[in-house]
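Trainee: Each chain is listed here by its residues.
Protein chains: 2
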Amino acid sequence: MKNPIYVGIVEDQVLFREGLKAILGTWPEVEVVFESPDGYSVVDKLSNCTTRPHVLLVDLSLPPLGQTEFSGIQVTQAVIQAYPDIRILILSVHDDENFIAQLIENGAHGYLVKDCDPGEVHEAILAVCDKGSYINQRTLKALQNNLGRGTKTKSLAFSPIQLTRREEEILGLICRQLTTDEIAEKLFISSKTVNGHRINLLQKTGSRNTAGLVVYAIKNKIVHVF
Amino acid sequence: MKNPIYVGIVEDQVLFREGLKAILGTWPEVEVVFESPDGYSVVDKLSNCTTRPHVLLVDLSLPPLGQTEFSGIQVTQAVIQAYPDIRILILSVHDDENFIAQLIENGAHGYLVKDCDPGEVHEAILAVCDKGSYINQRTLKALQNNLGRGTKTKSLAFSPIQLTRREEEILGLICRQLTTDEIAEKLFISSKTVNGHRINLLQKTGSRNTAGLVVYAIKNKIVHVF
DNA sequence: TTAAAAACAGGTACTTCTATCCGTTTTTAT
DNA sequence: ATAAAAACGGATAGAAGTACCTGTTTTTAA
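First to last, the sequence lines map onto chains A and B. Its first residue numbered 1, the first sequence is counted upward by one per residue in the working numbering. Its first residue numbered 1, the second sequence is counted upward by one per residue in the working numbering.
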């Protein structure tokens, strides 16, 4: 087996990491030469690594609190800047189109959801080495649906989000554990309206659900915990 | 109209406060002699108040972040300790039995949900003056269902809650915006189990929903925002 | 004063969460 | 070794949240 593909694994969970290694180990043309439990030390570790990987398999299952995408993007950007030759394959539980599109736009060469079968991982590794990238149906769809929103996505990631007064008010009430109906009752408006503000809040803050909204609110001092 | 009933209103929302005053004003035997936008300054304000109210109508729609019941309890206790003669009628959007029971146990003389009709407010005001308390069907049910859990309720309110390792882990993942199914997948357990832990977390932290869980987690440094 | 933004409201479909049952297995502490 | 606590899992039901669509009215700013 000449010209093996050197693969690096970035995954915080030991069990899953070892499982991945075991699976990759069954493929003769693949060799795991690097692993890291987190994304932040990856660049450092790569610098004094005996055999530099061709492909980096990066698990993004646990982004830091309050930001669904930023850390993944940061790691991707950092690695690509330092080692432009390394191909980056993202492995994530998140199936959000925005998320996927943002990662690809920021330099990742492929995106796999975590419950894909080993065959797809194999295929993806070969593809990023051979063709430079691996775009499956899911990723393609995400990119298409986010094509027009290039600027929107960017401004969302880097500029401080501006919430309206009403949105902040409702966000505060959400943090105080009021339901949509209760908020509507308290503000003398329809619950449909509250629902609308809720959706806008999720969109503006880039949250997936209520938990994300609360973290955002606290982080940005829209509500005060202490 | 001799022997009017002097009533005080504690309500942060101007519109609702004025509306209440207007409604109470139509009852000849009732006179509003005191109002306050928040519960914390109530005791102070009562001390230099020309006509001391017989009944205090306290709105608890907006408890401080992360605690559904404590502030209401604190205000109730403070007023009762300083002015044992004053009858306290709680007015709240919360229909939780635990919440109601805790307030009554801590000295409130009556509990009304905010969407009750004016007639019930009238009835309640007369009742707390006449009989000393006003217990409606809802309140009675709440008290009965919480009768056996007296100690449980108390320990929940005053002792720091002890979460298990697994519970903290799952709480962390909730804060990171993972859904129950995603958490189950990540931890290699059934979503039913995650659901169980979720319910226990709500119960232990005294939260009403996910928002409460996140606030609790941040407040108690189970996750770190910054 | 005119256009844009914000707030409002209704409908519909689907997903996730909340709540109660019930039970088993594993871990921990006495 | 035994009991208690923790973790696990299944079924079911209903409440709340998420995500679209469609509009109108009010506010704000150019």
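Among the hints, erroneous ones may be present.
Copies of the same chain are indistinguishable here, so a pair counts whether it falls within one copy or spans any two.
Lysine to any residue pairs mimicking SDA-like chemistry, simulated, CA-CA at most 20 Å apart [stated by the list, open to error]:
#1 Lys-21 with Gly-172
#2 Lys-186 with Gly-19
#3 Lys-219 with Gly-132
#4 Lys-192 with Asn-3
#5 Lys-219 with Gly-172
#6 Lys-186 with Pro-37
#7 Lys-131 with Pro-4
#8 Lys-219 with Gly-119
#9 Lys-186 with Ala-22
#10 Lys-45 with Glu-185
It is worth saying that the hints were derived from the structure and are not from the lab.
Trainee: Which of the listed hints are not met by the structure?
Mentor: 1, 3, 4, 8, 10
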